[in-house]
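Visitor: Residue numbers (our numbering), protein chains in the order written: chain A, 1 to 286; chain B, 1 to 338; chain C, 1 to 505.
No wet-lab data here; the hints were simulated from the structure. Hints may contain errors.
Short, incomplete list of chain C residues facing chain B, as computed with Cβ under 10 Å [stated by the list, open to error]:
| id | residue |
| --- | --- |
| 1 | Gly35 |
| 2 | Gln47 |
| 3 | Arg182 |
| 4 | Lys184 |
| 5 | Gln197 |
| 6 | Gln236 |
Taking lysine-lysine and the DSBU-like style, the derived pairs with C-alpha atoms no more than 30 Å apart in a straight line are [as the list claims (entries may be wrong)]:
| id | chain 1 | residue 1 | chain 2 | residue 2 |
| --- | --- | --- | --- | --- |
| 7 | C | Lys441 | B | Lys203 |
| 8 | C | Lys29 | C | Lys79 |
| 9 | B | Lys203 | C | Lys258 |
| 10 | C | Lys256 | C | Lys484 |
| 11 | C | Lys120 | B | Lys89 |
| 12 | C | Lys441 | C | Lys296 |
| 13 | C | Lys353 | C | Lys29 |
| 14 | C | Lys29 | C | Lys151 |
| 15 | C | Lys348 | B | Lys89 |
| 16 | B | Lys203 | C | Lys170 |
| 17 | C | Lys184 | C | Lys105 |
| 18 | C | Lys170 | B | Lys89 |
| 19 | C | Lys484 | B | Lys203 |
| 20 | B | Lys89 | C | Lys124 |
| 21 | C | Lys29 | C | Lys214 |
| 22 | C | Lys434 | C | Lys124 |
| 23 | B | Lys203 | C | Lys29 |
| 24 | C | Lys353 | C | Lys256 |
| 25 | B | Lys89 | C | Lys226 |
| 26 | C | Lys505 | C | Lys214 |
Given the structure is predicted, the values throughout are model-derived calculations rather than measurements. Quick reminder that beta carbons are idealized off the backbone N, C-alpha and C, glycines included.
This is what each chain is made of:
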Amino acid sequence: MRARAAWRSGRVRIGGILVAIVLVAGILAPWLAPHDPEAQDLLALLLPPAWAPGGQAAFPLGTDTLGRCVLSRLIWGARVALYVAILASLGAMILGGVLGHVAGYFGGWVDRLISRAVDVWMSFPPVVLSLVLMVGLGVGINNVVLAIILVDWTRFCRVLRADVLTVMNRDYVTAARLAGFGHVQTIWREVLPATLPLLATLVSLEMGMAVVVEAILSVVGMSVEANVPAWGVMIADSRQAMYQAPWNLILPMVAILVAVLGFNLLGDGLRLALDARQSGARAEAP
Amino acid sequence: MIATLLRIVLRRLLAAVPILVLVSMMLFGILRLLPVDPAAMSVPPNATREEIETVRRDMGLDRPIPEQYVRWALTLLRGDFGTSIHYRKPVGPLLAETLPATIELALAALVVAGFLGIGGGLGLFHVRGTWKAAVGDLGSTALMSIPSFLWAIILILIFAVAFRAMPVAGRLDMAFARPPGTGFLLLDAILAGRLDLLASAAKHLVLPAFALGLSFSPPIMRVLRSGLHDVYAEDYIRQARLRGLDEGRILIGHAARNAMLPTATLLGVQFGFLFGGTLLVEVLFSFPGMGGLMVEAVRNTDLPVIQAIGLTYCLVVLAVNAVTDIVCLLLDPRLRAN
Amino acid sequence: MTSITHRLAAIVAAVAAALAGAEAAAQAKDSVVIGWQSDIPSWDPTQRTSPDSQSIYKAVFDQPLDQAIDLSLKGHLAKSWKLAPDGLSVELEFRDDVVFHNGDKLTSEDFRYTFFERPKRGDKVDLANFWRNVTDIETPSPTRAVIKLSKPMPTAPQWLAFFCSYVLPKRYMESVGLDAFRDKPVGSGPYKVVDYQLGSRMVLERNDAYWGPKPAIRQVTIQVIKEASSRVSAIQAGQVDLTVNVPVREAERLGKEKGLAAQLRPITRVVLLQIRNDLGFADPNIRLALHHAIDKDAISRAFYNGAAVPLSVVATPGSPGHLQDFKFPHDPAKASAYLAKSGFGPDKPAKIKFASTNGHFPSDFEIARALVAMWKKVGIEAELETIEYAKYFELNRGHKLPEATLYSWDNASGDPEIFSGYLLNPNMPFSAWKGPEIGEKVVKLFGVVDYNERIAGYRAINREAVETGASVPLLQSVITVAHKDGLTYAPYGNGWILPQSMAWK
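Here chain A stands alone, though its shape is the one from the complex (with noise of 0.2 Å):
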């Protein structure tokens, strides 16, 4: 019943819709990608796209600053902004969730004790702080995927725990700790399945946020490792040569839209459709 309210959302579907192609693209990389995403070709570099003067079929995007196939680094880049998007924003959830639960659902000192902990936390600028992590870990996608849950566990922390406080009011939580299910029990079966839409929401943007915070570190130079297509990576490399091949500079960026608008809008659509479904369920209840 949730799904198919969901599903109605016209958000939900072009932001869906957004969303699978990146996915297929990333999945089905190997295959889709006319080329090596790495493979130089030194006598054909900065190609425009087939179609226009100059162009060659065999490179439909055209070719970079090393004569790499722009069309293949943008699908196998997807590959890579999924690796980051998922990873980030799941490792964000559970840090986030979890102490938002705990915070949320405890109260009293463990729960100052977190608030406080993110206060510290969100006084740093979100692109200051993942800089200087990434100063201290060091350059991989690993990292990356690193630095990005250290500062964004943050939001989860502060929004479930928001939402754990109004559902503790409910009274089947109360419920369940009179009947003596323990804390873990209680957590499991009564309050998370109260904030599980709100969560779900938070992941899907976190995804779009996870692309961007990866395209900036990769615009410093401070990303990925040197052999990783990724569409940030391909926005740095052609800054320099942005007067001649905009092509370069405008189709990653694209792609990171597509991706960004996806996550923003599925969330934002899960977001309506969960809270319309949630004040229904209020007016059902006894």
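Got chain A sorted already, so can you dock chains B and C onto it with the hints?
Guide: This is chains B and C only, laid out in the frame that chain A set:
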């Protein structure tokens, strides 16, 4: 009344202090993860092992980390921000040169975000219920998906590559010397009475400010619009309509004022993110602010500069948060009840 | 609502008109705006070796000796010089008509102060390292100085026109102190510093009391623009009159624009690989295979429009250490053969680590990635990481360098000691090669004073180093300059762009 307000302000400021301390500890700790040797980096390439050891002892790098932190914190309190390894100069003046640029950019971006956000929010509300609103809604979600650095690149592509219309580098036309003063170019130009300097500084501020402002206006639009929704349900709006006031006057004169509070709060909260966003926008526009300095320090692993700038970013965010809280307390008497 | 919109629109239009109207005044023809890629480390020219800053330092300060456009050594502050046959002393005869910007006369005392007294008392300047063998500088008269060395320094004359070797004003520096000097520097050069904004811009004005030829340009503004794409935007928009180190492709395109001209000139800068003699490179077969697998012509064509000259020794054509007839060919078959001898191939690749800078010199990271691809084809798997230029020395000191590092080496002097001598001397921080075979021979050459003997020795070393795989030179690098049509400047073979040599046609 003044006494209670002062007490609230003081309490708010004091609450920020332990956060600042914890922030500095966190910054220090993260950077010590690095397998980098600041002593080795401070000496010329020809230096011998013994010379490096001497420098290491001078810098206190052979002490345990907590002791190093305390030393750093104490020198910081004395106003000494350390010495840049790369520039071999004290960090304080470097910060003093670049901080005003970043703040000026952030404020300009806030103004742009405010105008676009408030204008957009009013507009969206005005056409509510029509198809235009649905389009506008989708549009604002789309806009929210474009981070500031992508806006920067888009604007550069349009205004520098496609049409060579606007400057995309620096704060001032190459021909001008920076006027002495505060470091806030617009202010300094006015104080010096130089219209040409003012025009040049403003022109250079436009694209970076829009890059940041465009990315931060959608949330403002939304908050204002939902704020207006709530306000319009109130009785006094119906009263005003009965009195015969036209919709435009009602919107601007009555409703907007009341919906401003959540909007103002949001602007204050957003400032933190906006301020962080200046980092990459500065790099892309070669804007000589803290962002450019930070990126260079990161590339050179210049620890003292990274620490000092990281701390400054947090300080500004904390200060703005505190000010926003105080302003909200002043504006809304209901919040003072606590 | 509409009236408000109208009012707002009117205000915006008025502001826009005002901004558009208040334009900058037209550029006067006795001034120049230069877009430079980096700031100077500080206004103490003896503090840090900074190849990019030499053009600026030479406008404000003077060196004892100088180089002509063809890089031959000539007198400057010193009218003549004499290196003793045993290399343990250098006699200099200074001009007597030189005056610092603050009016003080320049004498041999200032020379002694800069090159002996400051290093001796422990001032933290890179100059102290290069002149660490100075035991004293005698000053028998205000225009004569004799440098006394503890070890023979055959290249002392070349060094007097090289990094950090500038003469500073003793009286002024001692009276105001180092910090104040760096804020308001005083030199003896053709230009004075009238404004300096850290990381942003410098303004120089012609020194009308200069002892040498008067520069044609009265006012020079140097704008620091760190990003290459911003430098391109600036010259295109006419905001600067000259800029350097724009990407090669952009230089080509800018040269075709109306009103602009561009040059792509090879200079005394070598792009090479610094090689370790151990770890993954202990086996000479791998090193030689690595070298044979590199298609230097393809790299030159791809990234330098063919303007970069492929090198087989670490010396630039026209410099004494260059071997005209020696060629190390691009031969993937030979590379595979060498690898096979040690049991490696595309199925069983030899593994090495490789480091490169990114943005330190044009196309550095592109070249690194192209090399990785070339090596992969023959069976060498290189793991590439980015490092900052400064990090190279730190890693070298701790013996933590990867097997190969892409390196750019500037040698304005052209002297082979400062090419392969420095790059292969195991006692110096630049060499990654610590093997004794080549190392001992290089160290010995540092003590040879006779010029011809020394040059012959280096020519032999250059060949041997490449043949044994201790040195992998790639290309002679180019400098890219884009400027307004009407501006001329002296094209030094080492890439100096001196403001005092500029003029409007």
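Visitor: Is the straight-line distance between the alpha-carbon of Lys505/C and that of Lys214/C 30 Å or less?
Guide: Given pair Lys505/C, Lys214/C holds - Cα atoms ~16 Å apart, limit 30 Å.
Visitor: Within 30 Å, alpha carbon to alpha carbon, are Lys203/B and Lys170/C?
Guide: Roughly 45 Å separates the two Cα atoms, so the pair is violated.
Visitor: Assess, step by step, whether the Cα of Lys353/C is no farther than 30 Å from the Cα of Lys256/C, and give holds or violated.
Guide: Status violated; Cα separation ~41 Å.
Visitor: Is Lys353/C close enough to Lys29/C, meaning Cα to Cα at most 30 Å?
Guide: 53 Å, violated
Visitor: Has the given pair, Lys484/C with Lys203/B, been kept, meaning a C-alpha gap of at most 30 Å?
Guide: Answer holds: Lys484/C to Lys203/B is near 24 Å, not above 30 Å.
Visitor: With 10 Å as the cut and Cβ atoms as the points, is Arg182/C at the interface with chain B?
Guide: 8 Å, holds
Visitor: When you check the alpha-carbon spacing of Lys170/C and Lys89/B, does it fall within 30 Å?
Guide: 22 Å, holds
Visitor: Lys348/C and Lys89/B: Cα distance at most 30 Å?
Guide: Distance ~50 Å between Lys348/C and Lys89/B Cα, so the pair is violated.
Visitor: Checking hints one by one. Is Gly35/C an interface residue toward chain B, by the C-beta closer than 10 Å rule?
Guide: OK, holds: Gly35/C within 10 Å of chain B, min 8 Å.
Visitor: Taking the closest Cβ pair, is Gln197/C under 10 Å from chain B?
Guide: Check passed: Cβ of Gln197/C comes within 6 Å of chain B, closer than 10 Å.
Visitor: Verify the interface restraint on Lys184/C: the C-beta must sit less than 10 Å from at least one C-beta of chain B.
Guide: This hint is violated: Lys184/C lies away from chain B, its Cβ roughly 14 Å from the closest one there, beyond 10 Å.
Visitor: Holds or violated: are the alpha carbons of Lys434/C and Lys124/C at most 30 Å from each other?
Guide: 27 Å, holds
When each numbered hint is compared with the structure, violations occur for hints 4, 7, 8, 13, 14, 15, 16, 24.
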